[in-house]
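Q: As a plain string of letters, each chain reads:
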Amino acid sequence: MKIAVCIKQVPDTEARLRVGKDGRWIDEEDLPFVINESDECALEEGLRLAEKSAGEVVVFSLGPERVKEALRKALALGASRAVHLGHPAFAGGDALATGRALAAAIAREPFDLVLTGSQSEDLGFGATGTVLAGGLGWPHAWLVMGVEPETDRGTLRVVREMESGVNEILRLPLPAVLEVQAGLNQPRYASLKGIMAAKKKEIVALGPSDLGLGEDEVGAAGSALELLSVAFPEAGGSAQIFEGDPVAAARALAGKLQLEARVL
Amino acid sequence: MAGIWTVLQHRDGKLHRGSWEAIAAAQSLAQERGTKADAILLGQDVGALAAEVAACDLGSVRVAESPLLAAYTPGGYVAALAPALTAERPDFVLFPHTYQSCEYVPRLAQACDVALVPEAIAIDGGAGETTFKRPILEGKMHARVRLRRAGTALVTLQSGAYSADARVAGSAPVRPLGVDLAAAAAGRDVLGTEQIGGDTVDLSKADVIVAVGRGLGGADKLGAVEELARLLGAEIGASRPVIDSGWLPRDRQIGSSGQTVAPKLYFALGISGAIQHLVGMKGASVIVAVNKDAGAPIFKVAHFGVVGDLHEVLPALNQAIRELRG
Ligand SMILES: Cc1cc2nc3c(=O)[nH]c(=O)nc-3n(C[C@H](O)[C@H](O)[C@H](O)COP(=O)(O)OP(=O)(O)OC[C@H]3O[C@@H](n4cnc5c(N)ncnc54)[C@H](O)[C@@H]3O)c2cc1C
Ligand SMILES: Nc1ncnc2c1ncn2[C@@H]1O[C@H](COP(=O)(O)O)[C@@H](O)[C@H]1O
Chain Z
1 MKIAVCIKQV PDTEARLRVG KDGRWIDEED LPFVINESDE CALEEGLRLA EKSAGEVVVF
61 SLGPERVKEA LRKALALGAS RAVHLGHPAF AGGDALATGR ALAAAIAREP FDLVLTGSQS
121 EDLGFGATGT VLAGGLGWPH AWLVMGVEPE TDRGTLRVVR EMESGVNEIL RLPLPAVLEV
181 QAGLNQPRYA SLKGIMAAKK KEIVALGPSD LGLGEDEVGA AGSALELLSV AFPEAGGSAQ
241 IFEGDPVAAA RALAGKLQLE ARVL
Chain S
1 MAGIWTVLQH RDGKLHRGSW EAIAAAQSLA QERGTKADAI LLGQDVGALA AEVAACDLGS
61 VRVAESPLLA AYTPGGYVAA LAPALTAERP DFVLFPHTYQ SCEYVPRLAQ ACDVALVPEA
121 IAIDGGAGET TFKRPILEGK MHARVRLRRA GTALVTLQSG AYSADARVAG SAPVRPLGVD
181 LAAAAAGRDV LGTEQIGGDT VDLSKADVIV AVGRGLGGAD KLGAVEELAR LLGAEIGASR
241 PVIDSGWLPR DRQIGSSGQT VAPKLYFALG ISGAIQHLVG MKGASVIVAV NKDAGAPIFK
301 VAHFGVVGDL HEVLPALNQA IRELRG
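In order, the protein sequence lines correspond to chains Z and S.
For the first sequence, the numbering used here begins at 1 and goes up steadily by one.
For the second sequence, the numbering used here begins at 1 and goes up steadily by one.
So here's chain Z without its partners, still in its complex pose (with noise of 0.2 Å):
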């Protein structure tokens, strides 16, 4: 099976965040960024389907020069190659724009399947993959907590996540797309050997006019939405709150929770 993946690089959920000098934007200087976590089960998956059926995996990122680093170590853990949109019109872009992209990037080669996370960890949009889906063409199912490829008959089984517990099973046609959702998988974690052997590998970059796109049909510009600005949730919540020292602050939780609450 030859399959596309793609992964975005977000800001590290530990990270501090702070907000950007134009307030429309968190500030990036310093940050530490890593793979989408729901992006890295659909790595892992590729990688596993790719290596039962001698196939292989090609990643896809859009963003600035530092997603490269997030290639590298998809290229490390087994990606054969992979494309790079770091075009600076491709920035900004909601689900629609960020979608249509990809999509255009990915259509340029065959591919049988394509992997991408559920929902990134900065935007939330939860969309991107759906939307490239529509743009393919593709029959695609959101939240997949399972793969088993039904090789004689060309289709996937597919297990979806549904509220309140419970799993859908689908059989689902290829080419599809499907929006890993994390859980699928414990991803695998890059030998010195994948490390090595990534330095070779390739990283093409490509720009709108490689995608046959206007640069006002990609990024902020070929956007539906316009991001206005960025802000920490004003404070409010009536919580009682104990800081300094742990000991200390547990005692009066504890003497709280009996006098207060009555819940011990």
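I should point out that these hints are in silico values taken from the structure, not numbers from a laboratory.
Don't be surprised by glycine CBs; every beta carbon is placed ideally from N, CA and C.
Partial chain Z-side listing against chain S, Cβ under 8 Å, derived: (1) Ala127; (2) Glu168; (3) Gly236; (4) Val263.
Chain Z regions said to be covered by chain S (calculated; three or more residues, Cβ under 8 Å): (5) 4-17; (6) 182-191; (7) 225-231.
Chain S is nowhere near these chain Z residues, computed Cβ spacing over 10 Å in every case: (8) Met1; (9) Lys21; (10) Glu28; (11) Glu29; (12) Pro32; (13) Phe33; (14) Pro88; (15) Ala91; (16) Ala107; (17) Glu109; (18) Pro149; (19) Gly154; (20) Ile195; (21) Ile203; (22) Leu213.
Once you have looked at the hints, place chain S with the ligands on chain Z.
A: Quick look at chain S with the ligands alone, frame taken from chain Z:
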């Protein structure tokens, strides 16, 4: 005139709770603009449901009935809604932000070439320019967005952003939403369903739940958590990453894809408070959060909080409880 629609999600003859919230949101938007909202109902034999919705203050309840819409499928829903949206160009179409809408609304936006605003928590601006607020970075921050061009916006509303109780009663006519499903295909072959984790633990019956998140740091660090649970006769629950990492079994997961609980006392230890977790536990009577990040969203829903390292706070808390009990 500003068209304001809300597309209702339902199952087994009942509206999804989020649909009642979306009706309330549509009514409030319509009122600000001096108009009435319309509710859209897709299905088969949904007359009783249409009548129930028609008892709200709405312009109309518009119903499309077809065997192809008897069960939700992304293909059927997009085929039914896209022509109506393209012909009538409403300004807003509101949906509850659910796994179902997440699956088909982006394709609908794409098919109609209109804007998609996922997971809005507020729609502001009254009759003037509209801006939307939505969570980013796992709820740690909010973004304000607006449409780049005037036109239709498909907006999915985060659970709880509007109150279902705020909706206004009335009497609306029920009329058909003309759809032509001749060319529609379900686009999927459903083989069946399965219960996750076998449902061996029913956390919804527990009076006290001690829940841990990724901040725990590993399955080998559960000792003090288990001790607190023993002291309080509590069940242990967890956020999703704890389950995904294999630290606890799947039937301990609390949240939108796990169990929904409403105990008397809930401890959220090293849990950030993402919406998918909150929807599963915000009904608890007393919520206690321990988190080393004072800005963690969990403190917004907590009644009591300790800012600190749970590995230092928990042993001290266990000790304090033992002492209080003599
Ligand atoms: C469709 C979908 C469905 C989902 N369903 C669910 C669901 O059912 N349930 C669920 O929980 N999530 C669900 N999620 C995931 C959800 O979005 C969050 O990613 C998840 O809840 C975060 O878990 P967490 O708070 O444990 O981890 P994190 O967000 O990583 O937070 C860890 C917290 O621990 C704190 N911390 C770290 N170390 C310490 C320490 N030593 N002492 C004290 N505090 C510490 C940190 O400050 C941080 O606040 C779903 C996501 C999607 C997209
Ligand atoms: N800039 C990007 N580069 C590569 N993949 C992306 C990008 N943005 C989104 N995706 C993919 O689409 C999924 C959903 O993202 P989102 O719609 O932002 O929640 C992510 O998990 C990624 O797999």
